[in-house]
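S.K.: Given only the sequences and the hints, what does the whole structure look like? Please build it.
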Amino acid sequence: MATGAQRQLSRRRPPARRTPRPRPPLARLRTRLARVPRGAAICALVAILNAAAWSVLVPAFQMPDEPAHYAYAEYLVQHGQPPASQPSDRRSSSEEAALEALKFHEMQSFAEEGTIWSAQEQAQMRAALSAGGSRADGNGAGKEVGGEPPLYYAYQAIPYALAGGGTVLDRVQLMRLASALVAGVTVLFTFLFLREALPAVPEAWTVGALGVAFAPMFAFMSGAVNSDNLLYAASAALFYLLARGFRRGLDGRLAVAIGAALATALMAKVNAFGLVPGTALALLVLGRRRERAWRPQTLALPALALGVAAAPVLLEMALNATVWGRPVVGATAGNFRTSALHPQLGSALSYAWQFYLAPLPGMSSHPLGPFALRELWIRGFVGEFGWVDTFFSRAVYDVALVPVAAIALLLGRTLLARRARLRARIGELASYAALAVGVMAFVASASYVSYLRYHESIAQVRYLFPLLPLYAALLALAAPAGGRRWTPVLGAAIVVLAVAHDVFSQLLVVARYYA
Amino acid sequence: MDASAGAEDEPQDAAGERRRRRTIALAIGFALLALGVVATLSRDAKGRIRTNGVPAQAVVAIASADPGGAGAGAVRTVCQDRELIPSGTGAIRIALTGFRRVPPRLSLTVSEGEAVRDAGRAARWDADADVLVPLAHPLARSVVGSVCIAALAPEQRYWLRGAAVGAFEGARAGGRRLPGRVHLEYLAADGGSWWSSIATIARRMGLGHAWSGASVPLLIVLLTLTSIALGAWQLARSDS
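Line by line, the protein sequences are chains H and E. For the first sequence, my numbering begins at 87 and goes up steadily by one. For the second sequence, my numbering begins at 857 and goes up steadily by one.
A couple of the hints might just be wrong.
Unchecked claim - Among chain E residues calculated to face chain H with C-beta under 10 angstroms, some are:
| no. | residue |
| --- | --- |
| 1 | 880 |
| 2 | 889 |
| 3 | 1058 |
| 4 | 1072 |
Treat the hints as calculated values from the structure; they're not laboratory data. Just so you know, even glycine gets a beta-carbon here, dropped at the ideal spot from N, CA and C.
M.R.: Below, the structure written as structure tokens:
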């Protein structure tokens, strides 16, 4: 009820223009969340639950590079700044004791070794974990991940701090669950991407999004402490926002959002630089469409988006140089340094070709196997768990080629039937292709550097997961090949196949660690 | 085109028919999946009781019944002393690579001091690069003794995989000490399916985590089943 003074004030006030009252940020967030399609929210929840199951299933630190990512987050919390690149890794006493207690060194890469199996081992592990040890005497895995940007680790500092009073295992589990939440964001944006890119086939949105949510290598990674997860989510958001731009047009708010998504990716993992050329191309196409001509204004919104993306990177570089004592460009001091390696363009291109496909006659052979597409990538997607040490029997990888070929055929049929519509969207498709090529080229380049330095390949399918929205689109486009009569059946079959793949992968991991 | 045009323009009965087809396909698919899981879990579990802790990193010996013709360094018999073979062991898995088109012809003996405790029956190829040798009788008590592997076929060669160890800890072959030991796994007596091992596996899953007990495997099952049920429900109503 208004008081007398208030009534007086309101009488003196001139008749005001009716401007909308600014709403509190929480209410705005609630309104925005309410606008999220229910299907997208459910698919996201499915991804979170599945990733959470994987996070509990796999023993601590038995995910790729998990000890290093944990060490980075721990360093960030303990020292208030990210670690610097180092010539070697030194784990904190607390983490080292936990790794010893968990038989990490015996198990890593040796699939025949089981985990803690007896009450006696469990008691020893508990005693070692309770003894603790310093958390501040490590160098944050400066060699392995010291060149990486700090955003994912800043996020992981929250569960780390929440479980600060517990053991290393408590902290790892809570951090893994935080990663599982990020998987939900990835699938949410994947659904929204499909909704924008394929508006005419609503049921395919769910098929594609669930295909990602149940992809076991994605769920496995999503249950890990690993900065790849934030990169996947940011990349999915980027795909969604670009698709939105292609469908509804680019405006200032969307440009800022695209820049923010790219910035998040760039601050999550260095690999995100592979997304920059494709994003720049997409923004140019969108800018040209908006202005209908090439003039200075055509570049205004693309420049705004790229400026927003660059801002946090420049800020990190400034902090690196002035406060954190890191090299200005962190990554060049780490795994991507090419000084003294003398890379050659011809050799690099030949390597990149063989990295994804197969050597052509006359190509100098790199040790990547006779047919990398099958041996590294399809095999990797079917399943390589733990420290790339847990596999299905060989026959499973051969049988898996059947559904892969079937989905490729269905996809081909859909694309053929819709080729006229595809031609009308050539700029959009070229942008997605550029995003894919950029990510793949970055991974191949990193592997080439690794090949020159260590004579080893870093080919792991998880590095291509920033392209998961495109994988979802392939699944979503395969289903409609059945026409109105069979599309529902094909969609269901694709999802059941993904679920079966996930279930048998979990059983494989159970057999590897616990049987 | 509007995002929901595809669904809204469709007559109700056509949409209902599509939903019915999808639901039936899902039901059939999940029934087949359940059958597949049951069939898989009904297979021989060959549960590991323990390993000898030697990682299968590299070839430590080449075994052949004709070592002279098999190349430099080949041996006929490899014996590994001070192996702890747990009670209940019914088979031994050897990390070993060979020509898989023909059955492996190997003999295996388990000795305790001078006494032979058991002899392996017919060896067979197991996983991608392993040989499984069932014992004649499951061991009633744990034995600390020697495991000897001998090649029987002169035309076959076997690459035994293991890891380098200290100077006096290597396996023996023809009176000399090898630089490494072979990886061995001691498996429970066969005849049991995965179903019969579920309690053991569930107990192990409850160890080595942030918390312990049966709630660990139960939570994993619950999370997985909930995600599947939720996904199936969403797909069934996906064009509504």
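S.K.: Work down the list of hints and note, for each, if the structure agrees.
M.R.: Quick rundown of the hints versus the structure:
no. : hint : verdict
1   : 880  : holds, 8 angstroms
2   : 889  : holds, 5 angstroms
3   : 1058 : holds, 8 angstroms
4   : 1072 : holds, 6 angstroms
The structure is consistent with each of the numbered hints, conforming to all of them.
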